[in-house]
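Undergrad: So the chains spell out like this:
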Amino acid sequence: MRPDLEIIQQWIQPGYHVLDLGCGDGTLLDYLQRERGASGFGLEINPEHITTCMSRGVPVIEQNLDTQGLGNFDDGSFDTVLMTQALQAVRRPDRVLDEMLRVGRDGIVTFPNFAHWRLRWGLALSGRMPESEALPYKWYNTPNIRLCTFKDFEALCRQKGIRIKSRRVVDGQHQNSWLARLWPNLLGEIAIYRITRENEQ
Amino acid sequence: MPDSLPADSVGVVAPQTLHFDTPIELACGQALDSYDLVVETYGQLNADASNAVLICHALSGHHHAAGYHSADERKPGWWDSCIGPGKPIDTNRFFVVSLNNLGGCHGSTGPNSINPATGKPYGPDFPVITVGDWVKSQALLADRLGIQCWAAVVGGSLGGMQALQWSLDYPERLKHSVVIASTPRLTAQNIAFNEVARQAITSDREFHDGRYYDFGLVPRRGLMLARMVGHITYLSDASMGEKFGRELRDQAYKFGYDAEFQVESYLRYQGERFSESFDANTYLLMTKALDYFDPAYDYGGDLARALAEARCEFLVLSFSTDWRFTPARSEELVNAMIAARRKVSYSEIDAPWGHDAFLIPTPRYTDIFTAYMDRVAREVGQ
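Line order of the protein sequences matches chains A and B.
FYI, the numbering for the first sequence is -6 to 194, going by our numbering.
FYI, the numbering for the second sequence is 61 to 442, going by our numbering.
These are calculated hints, taken from the structure and not from any lab test.
Some hints could be false.
Unchecked claim - Under the rule of at most 20 angstroms between Cα atoms (straight-line distance), these lysine to aspartate or glutamate pairs were calculated in the EDC-like manner:
#1 Lys403/B to Asp72/A
#2 Lys196/B to Glu320/B
#3 Lys403/B to Asp68/A
#4 Lys403/B to Glu191/A
#5 Lys196/B to Asp96/B
#6 Lys144/A to Glu191/A
#7 Lys303/B to Glu320/B
#8 Lys403/B to Glu369/B
#9 Lys180/B to Glu266/B
#10 Lys235/B to Asp23/A
#11 Lys196/B to Asp229/B
#12 Lys403/B to Asp23/A
#13 Lys403/B to Asp18/A
#14 Lys403/B to Glu28/A
Claimed, not checked - A short list of chain A residues far from chain B (calculated; beta carbon distances all over 12 angstroms):
#15 Gln3
#16 Gln6
#17 Gly120
#18 Glu124
#19 Tyr130
#20 Gly154
#21 Leu180
From the three backbone atoms N, C-alpha and C, an ideal C-beta is built for every residue, glycine too.
Throw the hints in and build the complete structure from the sequences for me.
TA: So this is what it looks like as structure tokens:
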């Protein structure tokens, strides 16, 4: 199993009702349904991904986070709201975070770290926008329009009264190295955050 | 029929008439003591009868959903694009059942059938039928065919309403409900269009309060107008524009009231053909069934509460240019399913043809429909 899925599934209790924002081809939800007895929905806009979800029996709703938000979901209607590798692709990640923690008791977010040493090094050395395995696009065609660093994300959480319950930092292959744990903002490529409202347990 | 049958056609098919002589109680309080249902089936029912798919027709549809009746038939059944070997509803894997609903005019008992009590056509005495009544009669049909549980109930438009009603009335008797280009209830605007259609029919002087059969007449003009209004609402402005634009039949304006624009002559032609093959009382009845449909009605308008009864999984599809039943109406239905924690998948298909898009194959529509039905087939071991 992919190490990031291994980490995420530990936080999903059996029978949890989950919402997966930008669920892709449904790999994660499919796994959570089968292995953790979870229920729920994925939201997706990519047509091929939607078709794949339907083919594997993952309930998927075609919905654009940027234009439609999550207004169609009731407060607290999910145990967990997931967003893996999509935060950097939405227009207003700050609002999406608010919405995640409105409709879910907690949230799980993963995104690429723009402060990873290789990206810093690439920019410093070549003077051009960095590309990496986690960010494999040119500056002009990337879907990743809101890049941030782990420090940026955590500052936003503090400002919003969002509590970080857990954080695991991994490299591009989702491996959890001890060095990345030591200097996450420099050596971590992807972080898996588990967040909740300050007043939630 | 074309010169040679396409490889993905179910081929030449024959409808059969099934007679039921146990009375069926209807929502309006009346009962039919006995009735016929005309049915077509495609594919083979498997040993445990788990691969059956019910196709529900829309307003003017009937049992002939796929294939050809004879060598003379020019066009195949109304949903031939989606039913057949290798098509979304794959007849190599599914046993497909399609019927003409009660109140219809293509062989099933309806206003133009003989009322055994009087020896004359029912006409306006035929009871008003609801979507729930259709579903009830379809459940009796399933009993007759030895089908305890449908792998899926599938329908577009008014057919989608039946697929939805099935999930509420017989939650244990279907695994999947596929609701395409439909709505959880009609809007005032929808009902208004239906009322214009009904007024067109009832104000035709050959209508004779629905007893036109007794006079050997057909309210053709009214039916034609009703169909013209309906037809406009099933297409989109863009698709009409593309098909006809402002094209004239002749080169120049004639400053009169004959059909000068191509679109006028097309609508008249369609209306006239329809008035030759459809029964006016059936049109009234079917549009009323549309108007009355509202599964949330018994739950204080709370659709999510109604849907809590359902046990099946849902696929809901809408079309971007459908202004008769807009994507927003499908989303309303999907949101109620989400609130009721039902398993639902939803996609809005980008297609230019308005409401009629559900009858026209587009790659995106075909891909999604195929992927979903492929999984349904795998689930029942096909």
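Undergrad: Please go over all the hints and tell whether each is borne out by the structure.
TA: Comparing the hints with the structure gives:
Proposed proximity of Lys403/B and Asp72/A is supported: the alpha carbons are some 16 angstroms apart, at most 20 angstroms. Restraint check for Lys196/B and Glu320/B: the C-alpha separation of about 47 angstroms exceeds 20 angstroms, so the hint is violated. Of the pairs offered as hints, the one joining Lys403/B and Asp68/A holds, with about 19 angstroms between alpha carbons and a cut-off of 20 angstroms not exceeded. Pair hint Lys403/B plus Glu191/A does not hold up; C-alpha atoms about 31 angstroms apart against a cutoff of 20 angstroms.
For a cut-off of 20 angstroms, the pair hint linking Lys196/B to Asp96/B stands: about 14 angstroms separates their Cα positions. For the given pair, Lys144/A sits about 18 angstroms from Glu191/A by alpha-carbon distance, which is consistent with the 20 angstroms threshold. Between Lys303/B and Glu320/B, the direct Cα distance comes to roughly 15 angstroms. Compliance with the 20 angstroms bound is thereby established for this hinted pair. Straight-line distance between C-alpha atoms of Lys403/B and Glu369/B comes to about 13 angstroms, which keeps the hinted pair within the 20 angstroms bound.
Restraint check: the Cα-Cα separation between Lys180/B and Glu266/B comes to about 18 angstroms, which is no more than 20 angstroms; the hinted pair holds. Under the criterion of a C-alpha separation no larger than 20 angstroms, the hint pairing Lys235/B with Asp23/A is consistent with the structure, at around 19 angstroms. For the suggested pair Lys196/B and Asp229/B, the alpha carbons sit about 8 angstroms apart, so the restraint of at most 20 angstroms is met. For a cut-off of 20 angstroms, the pair hint linking Lys403/B to Asp23/A stands: about 13 angstroms separates their Cα positions.
For the proposed pair Lys403/B and Asp18/A, the alpha carbon gap of about 17 angstroms is at most 20 angstroms, so the pair holds. Restraint check for Lys403/B and Glu28/A: satisfied, since their Cα atoms lie roughly 18 angstroms apart, inside the 20 angstroms limit. At roughly 24 angstroms, the least C-beta separation between Gln3/A and chain B is larger than 12 angstroms, which holds for a residue marked as non-interface. For Gln6/A, the non-interface assignment is confirmed: its Cβ lies about 16 angstroms from the closest Cβ of chain B, beyond the 12 angstroms cut-off.
With a closest Cβ-Cβ approach of about 41 angstroms to chain B, Gly120/A is found to remain outside the 12 angstroms limit, as its non-interface label requires. The claim that Glu124/A lies off the interface holds: its Cβ sits roughly 31 angstroms from the closest Cβ of chain B, which is beyond the 12 angstroms cut-off. Chain B leaves Tyr130/A outside its interface by the beta-carbon criterion, the shortest separation being 25 angstroms against a cut-off of 12 angstroms. No Cβ of chain B comes within 12 angstroms of the Cβ of Gly154/A; the nearest lies about 27 angstroms off, and the non-interface call holds.
Annotated as non-interface, Leu180/A keeps its C-beta farther than 12 angstroms from every C-beta of chain B; the closest such distance is 40 angstroms.
The structure is inconsistent with the numbered hints 2, 4, although it conforms to all the rest.
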